[in-house]
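J.: Taken in order, these protein sequences are the chains called R and A.
Following the working numbering, the numbering of the first sequence begins with 116 at its first residue and continues without gaps.
Following the working numbering, the numbering of the second sequence begins with 116 at its first residue and continues without gaps.
For the record, the hints were derived by calculation from the structure and aren't laboratory data.
None of the values given here were measured: they were computed from a predicted structure.
Keep in mind that the hints are not guaranteed to be accurate.
Unchecked claim - Partner residues aside, some chain A positions facing chain R, computed with beta carbon under 7 Å:
id: 1; residue: Gly148
id: 2; residue: Pro253
id: 3; residue: Ala261
id: 4; residue: Asp265
id: 5; residue: Gly408
id: 6; residue: Ile410
id: 7; residue: Pro415
Unchecked claim - Each computed DSSO-like pair below joins lysine-lysine, with the alpha-carbon atoms no more than 30 Å apart:
id: 8; chain 1: A; residue 1: Lys497; chain 2: A; residue 2: Lys356
id: 9; chain 1: R; residue 1: Lys118; chain 2: A; residue 2: Lys118
id: 10; chain 1: R; residue 1: Lys356; chain 2: A; residue 2: Lys356
id: 11; chain 1: R; residue 1: Lys118; chain 2: R; residue 2: Lys184
id: 12; chain 1: R; residue 1: Lys184; chain 2: R; residue 2: Lys165
id: 13; chain 1: A; residue 1: Lys184; chain 2: A; residue 2: Lys165
Backbone N, C-alpha and C define an ideal beta-carbon position, used for all residues, glycine too.
Listed below are the residues making up each chain.
Protein chains: 2
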Amino acid sequence: MTKTTWRIGVAGLGVVGSELVNFLFERPRFAPGGVEARVTGVSARSRTAKRRTDIANLPWFDDPVALAKSPDNDIFVELMGGSDGPARAAVEAALAMGKPVVTANKALIAIHGRALAALAEATHAPLLFEAAVMGGTPAVKMLREAMVGDDVQVVAGILNGTCNYILSEMELGGRAFADVLAEAQRLGYAEAEPSMDVGGFDSAHKITILAALAFGAAPTYSAVEVAGIEDIELLDIRLAKDLGYRIKLLASASRSGEGVSVRVHPALVPLDHPLARTGGVLNALFMQGTRIGRIFIQGPGAGGSPTAAAAAADIADVMTGLVRPVFQSPAQTLTPIAPVDQAQTMGRVFVRLLVRDEPGVIASVTETLADGGVSIDSFLQKSIEGVSGVPIVLTTHDAPESVLNEAVRRMGQLPTLMAPPRVIRIARV
Amino acid sequence: MTKTTWRIGVAGLGVVGSELVNFLFERPRFAPGGVEARVTGVSARSRTAKRRTDIANLPWFDDPVALAKSPDNDIFVELMGGSDGPARAAVEAALAMGKPVVTANKALIAIHGRALAALAEATHAPLLFEAAVMGGTPAVKMLREAMVGDDVQVVAGILNGTCNYILSEMELGGRAFADVLAEAQRLGYAEAEPSMDVGGFDSAHKITILAALAFGAAPTYSAVEVAGIEDIELLDIRLAKDLGYRIKLLASASRSGEGVSVRVHPALVPLDHPLARTGGVLNALFMQGTRIGRIFIQGPGAGGSPTAAAAAADIADVMTGLVRPVFQSPAQTLTPIAPVDQAQTMGRVFVRLLVRDEPGVIASVTETLADGGVSIDSFLQKSIEGVSGVPIVLTTHDAPESVLNEAVRRMGQLPTLMAPPRVIRIARV
Numbered sequence: 116m117t118k119t120t121w122r123i124g125v126a127g128l129g130v131v132g133s134e135l136v137n138f139l140f141e142r143p144r145f146a147p148g149g150v151e152a153r154v155t156g157v158s159a160r161s162r163t164a165k166r167r168t169d170i171a172n173l174p175w176f177d178d179p180v181a182l183a184k185s186p187d188n189d190i191f192v193e194l195m196g197g198s199d200g201p202a203r204a205a206v207e208a209a210l211a212m213g214k215p216v217v218t219a220n221k222a223l224i225a226i227h228g229r230a231l232a233a234l235a236e237a238t239h240a241p242l243l244f245e246a247a248v249m250g251g252t253p254a255v256k257m258l259r260e261a262m263v264g265d266d267v268q269v270v271a272g273i274l275n276g277t278c279n280y281i282l283s284e285m286e287l288g289g290r291a292f293a294d295v296l297a298e299a300q301r302l303g304y305a306e307a308e309p310s311m312d313v314g315g316f317d318s319a320h321k322i323t324i325l326a327a328l329a330f331g332a333a334p335t336y337s338a339v340e341v342a343g344i345e346d347i348e349l350l351d352i353r354l355a356k357d358l359g360y361r362i363k364l365l366a367s368a369s370r371s372g373e374g375v376s377v378r379v380h381p382a383l384v385p386l387d388h389p390l391a392r393t394g395g396v397l398n399a400l401f402m403q404g405t406r407i408g409r410i411f412i413q414g415p416g417a418g419g420s421p422t423a424a425a426a427a428a429d430i431a432d433v434m435t436g437l438v439r440p441v442f443q444s445p446a447q448t449l450t451p452i453a454p455v456d457q458a459q460t461m462g463r464v465f466v467r468l469l470v471r472d473e474p475g476v477i478a479s480v481t482e483t484l485a486d487g488g489v490s491i492d493s494f495l496q497k498s499i500e501g502v503s504g505v506p507i508v509l510t511t512h513d514a515p516e517s518v519l520n521e522a523v524r525r526m527g528q529l530p531t532l533m534a535p536p537r538v539i540r541i542a543r544v
Numbered sequence: 116m117t118k119t120t121w122r123i124g125v126a127g128l129g130v131v132g133s134e135l136v137n138f139l140f141e142r143p144r145f146a147p148g149g150v151e152a153r154v155t156g157v158s159a160r161s162r163t164a165k166r167r168t169d170i171a172n173l174p175w176f177d178d179p180v181a182l183a184k185s186p187d188n189d190i191f192v193e194l195m196g197g198s199d200g201p202a203r204a205a206v207e208a209a210l211a212m213g214k215p216v217v218t219a220n221k222a223l224i225a226i227h228g229r230a231l232a233a234l235a236e237a238t239h240a241p242l243l244f245e246a247a248v249m250g251g252t253p254a255v256k257m258l259r260e261a262m263v264g265d266d267v268q269v270v271a272g273i274l275n276g277t278c279n280y281i282l283s284e285m286e287l288g289g290r291a292f293a294d295v296l297a298e299a300q301r302l303g304y305a306e307a308e309p310s311m312d313v314g315g316f317d318s319a320h321k322i323t324i325l326a327a328l329a330f331g332a333a334p335t336y337s338a339v340e341v342a343g344i345e346d347i348e349l350l351d352i353r354l355a356k357d358l359g360y361r362i363k364l365l366a367s368a369s370r371s372g373e374g375v376s377v378r379v380h381p382a383l384v385p386l387d388h389p390l391a392r393t394g395g396v397l398n399a400l401f402m403q404g405t406r407i408g409r410i411f412i413q414g415p416g417a418g419g420s421p422t423a424a425a426a427a428a429d430i431a432d433v434m435t436g437l438v439r440p441v442f443q444s445p446a447q448t449l450t451p452i453a454p455v456d457q458a459q460t461m462g463r464v465f466v467r468l469l470v471r472d473e474p475g476v477i478a479s480v481t482e483t484l485a486d487g488g489v490s491i492d493s494f495l496q497k498s499i500e501g502v503s504g505v506p507i508v509l510t511t512h513d514a515p516e517s518v519l520n521e522a523v524r525r526m527g528q529l530p531t532l533m534a535p536p537r538v539i540r541i542a543r544v
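With the hints as extra help, turn the sequences into a complete structure.
T.: Shown next as structure tokens:
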């Protein structure tokens, strides 16, 4: 590892790829020790697309796999995206020949992480993916390196800037989900096909990766319970606030005696909690270990410049000789995460009902809960202008989730209900 | 670097050292890849002192320098403290023979960092000090590795848990500084000789190290402007809160066209700012770079277990082959930080006066400021029970610090003043 120049191949020249190429043009000696990083090949879907970087003088590869295999670069940087197809083929090709890989591809690592780690470790090639989670905010490095040897209990936070922006704007502007989403699409904060973000799948890819690092397990995307924010109504945001909460899309991984639970779902967070105070496109994460205690980190979760900076930090790690298992333990020792039985999981929920204004409604709701063994923490009935029917919201005390689900199911059968009950978990962070 | 066992010598067996030895007893294979870390020698002031770890079966060294030089350990861990004396001698001895050093000694790195880095780089020995700043919260790793190649503009935060605890308790309990300090000493949160903490010097050591990492400069302790919290009165805390601020001991390093400014001083932070919401013994830090943007990190800043975890993370970094310059650039290229001229520094201040209740007092105060070219942002006159005289507090708009200082000096000459003006900067974070 006494190279004085590392030659970099970059596949994918979108916002992040263009920023990275520009950065390496401007600061080829950015890594400590003055070693040089020089871009020696690029690949993208279109050679002539309009982009923020001038690639006219760089060797061009139509096929990213050919770039990955080229002897003219020492590190392959994959910024194309997609869990399969060319991204996976190119990363596999580079690792198979022992070439270090830096990627921002969360889907690829979440779904094929264990197999890729095994390949990387077999050929002693570093496989780094800081840019895959929280953009420029180094969540991966913190879990992998700073909390090494700690018994991590919980990792939980806000990992999708698009959802956080939409929820923040709904509250600030008093606007409906569809309205804010359409605006976010116009502004380029949300994709034309938004389900990867608003459906919670992007967060699920990211928490899969963090859970694997936190618990020394195989990335197990299939074990993640995923719910998105599409059904969150402005009414819920307002009523939650009346009770002292803000609704966030929470991604969490926690370990208990029963196993590991990995989830993405909307959750109520107390208004004075640091996660509730993480607004707009920011990301934030709590990490809790038995030795280090509780660390909170907040920063830009996306964007070309921060994400390119994270990829550059990974490139510097390769150049300065970092050699670690891809996850905490060698790939062949990693076991998948088995979902925890919901009956064993305790929780609290926020329930919002829309009922007809008739005598005895409150009694019927509270009796249904009491019969189900669920006790109420707070209760609010409130008429809201423009909303037909009477909204009732309540929060419960701790109960097994299976008990909560059954009580809500029975509440859904009450004849006074004008719509199915809306249930949102209260965060345990 | 294909060792299967790394032998660890630990000098200093206080709270942190004992926790580290216990951790290595319990988890010798904590580092990724299953390589073993085994304690093969210890040294401390007293062999028989009561401590939380059993060292009866470990080779004992009366002299830490002999432990540092011993061929029976591969990594020397220095947890004794003190910028000179045995700690410095032992670290120098280890580095001189090319042995990796892990230390929690902020004073040593802040004062002798450049010379030690030069020694370490000459013998290719890693010199790591994550545990020196913010305990288990990886500020050093973030600046050194995650923000590599970024142009860092500002690093600012709360780096001393003792001061933060005292200020928090003064506000919560409505108690005087001396009262809370005495209690903190009884509880073991503050030293019998508290000036290192409350005088701001501990924070100054830490911000010296962070500034060097952030700006690729030599650690320059002598360039830090230091003020502690000894003179903060409960009255100031209360009046600041009336104006929407909380008083914190702020350590900051910022770069501008005029140069780098490194400072520790009490500062007013807006109540809804994350630093204002960092209470008790927590530490917190903002890092801002042109590429990554603004990252906030918060966590336990001290304590045996988190600090030992940070030292363990450094040990794992040595074991997995990390080789970087100690600061961002090779030691011989590091230049010291030159203090910025105050006349060039803009700022806002909070001024608290105690005046006799006479006609024309407000006019004389505001005229003095106006004559000095300082404009007022907010102004509050308020009688407070138990306080003789009338407190007046005001906050200014931005002005050169030299102009503010002169205006305050002139205010100090007003005949109606019962005490010298108290001036506290308003944070620019």
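J.: Where does the structure disagree with the numbered hints, that is, which hint numbers, in rising order?
T.: none
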